[in-house]
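Trainee: Sequence:
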Amino acid sequence: MRARELGAFLRARRAALNPATFGVPVSGAARRVPGLRRREVAEAAAISVEYYTRIEQGRMAASGPVLADLARVLRLTDAHRAYLFDLAGKVEPTLPHPRRQVVQAPLQRALDDLATTPAFVLGRRTDVIGWNRLGAALITDFAAVPEDERTFIWLLFAHPGVRSLYADWQDVVELAVAQLRRDSARYPDDPELARLVERLSAQFPEFIEMWTVHEVAGRGTGRKTLHHPLVGELVLDWEILASALDPDQQIVLWTAEAGSESASRLRRLADSTRAGCSAPEHPATR
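If you want this note's numbering, it's the position in the sequence shown, counting the first as 1, plus 107.
Honestly, the hints are just simulated from the structure, not real lab data.
From the three backbone atoms N, C-alpha and C, an ideal C-beta is built for every residue, glycine too.
The reader is advised that the hints may include incorrect statements.
[Stated by the list, open to error] Have a look at the derived ranges for each label pair, beta carbon to beta carbon:
{"id": "1", "residue 1": "Ala222", "residue 2": "Val320", "range": "35 to 45 Å"}
{"id": "2", "residue 1": "Gly366", "residue 2": "Ala127", "range": "45 to 55 Å"}
{"id": "3", "residue 1": "Ala222", "residue 2": "Leu352", "range": "18 to 28 Å"}
{"id": "4", "residue 1": "Ala168", "residue 2": "His334", "range": "54 to 64 Å"}
{"id": "5", "residue 1": "Arg375", "residue 2": "Leu352", "range": "27 to 37 Å"}
{"id": "6", "residue 1": "Asp355", "residue 2": "Val198", "range": "11 to 21 Å"}
{"id": "7", "residue 1": "Ala151", "residue 2": "Val323", "range": "30 to 40 Å"}
{"id": "8", "residue 1": "Ala151", "residue 2": "Leu352", "range": "22 to 32 Å"}
{"id": "9", "residue 1": "Thr223", "residue 2": "Val140", "range": "41 to 51 Å"}
{"id": "10", "residue 1": "Ala251", "residue 2": "Glu305", "range": "21 to 31 Å"}
Given these sequences and hints, build the entire structure.
Mentor: As structure tokens, then:
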């Protein structure tokens, strides 16, 4: 049953591809099938057409390396890739990861359009990889933080202004540690993550205590009280959403209850950031 599902999934994914992006001529002779042909997928994956045909027809199991090649050729997202390996009953190999993730331009534009909603984006290791103007005004001037320190969990421990911002700093930092623990299990071969854990362990005994508890956390939502140096106390709801462009990127949004004093203060903060500012400062996008 799963072999048939795997075959159907492969057919659907190759049908969704544009042959022109692979250098395949699309003019002239009519193509009987949408997307790529089996032969074209097989050649790009460096396997025989017969082998690929048997996989797609559910008559032969694919090895892990072949599945990885097919995922590359079919340009699968991380979610599609994981689904492919699940259908095949194979353990997905650890993927190599770049040192820093980058927020793609459509997401950064969406952040910038949220003029009255503080927002920032966390990557693996809780790296702060994108933000809008109000997000920086609420938490800290991320652009002024050196890139190797622009990690949310590092800011929580090492940055006095961020540490004093949260009324319940202990709860916030424990959640961040639990998220980092989750990432360490998902990406055990990430050298940057290992170095971050080493740096935190060397400088902050509190981190060691939290790390050894082995709590794990994912995305969530909640309410926090913040002591902002410019507008005073803010009671804000926060929510973490996954980016559709990269599941490893988490969008953190802050909102205030309509009509509340916090909503008024948040508007005041937004007004102060717009005064005399021509454009938000944020990292390069792609």
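Trainee: Each hint: holds or not?
Mentor: Status of the hints after comparison with the structure:
Between Ala222 and Val320 the C-beta distance comes to about 39 Å, which sits within the given range of 35 to 45 Å. In this structure the hint that Gly366 and Ala127 lie 45 to 55 Å apart at CB holds, the actual value being about 53 Å. At about 21 Å, the CB distance of Ala222 to Leu352 agrees with the hint of 18 to 28 Å. Distance hint check: the CB atoms of Ala168 and His334 are about 58 Å apart, consistent with the given range 54 to 64 Å.
Separation of Arg375 from Leu352 is about 32 Å and conforms to the stated range, judged on CB atoms against 27 to 37 Å. Between Asp355 and Val198 the CB atoms are about 19 Å apart, so this pair conforms to the stated range of 11 to 21 Å. Separated by about 38 Å at the C-beta atoms, Ala151 and Val323 satisfy the suggested range of 30 to 40 Å. The given range of 22 to 32 Å is respected by Ala151 and Leu352, whose C-beta atoms sit roughly 24 Å from each other.
Taking the beta carbon of each, Thr223 and Val140 are about 49 Å apart, inside 41 to 51 Å as hinted. Evaluation of the 21 to 31 Å hint for Ala251 and Glu305 yields a pass: the beta carbon distance comes to about 25 Å.
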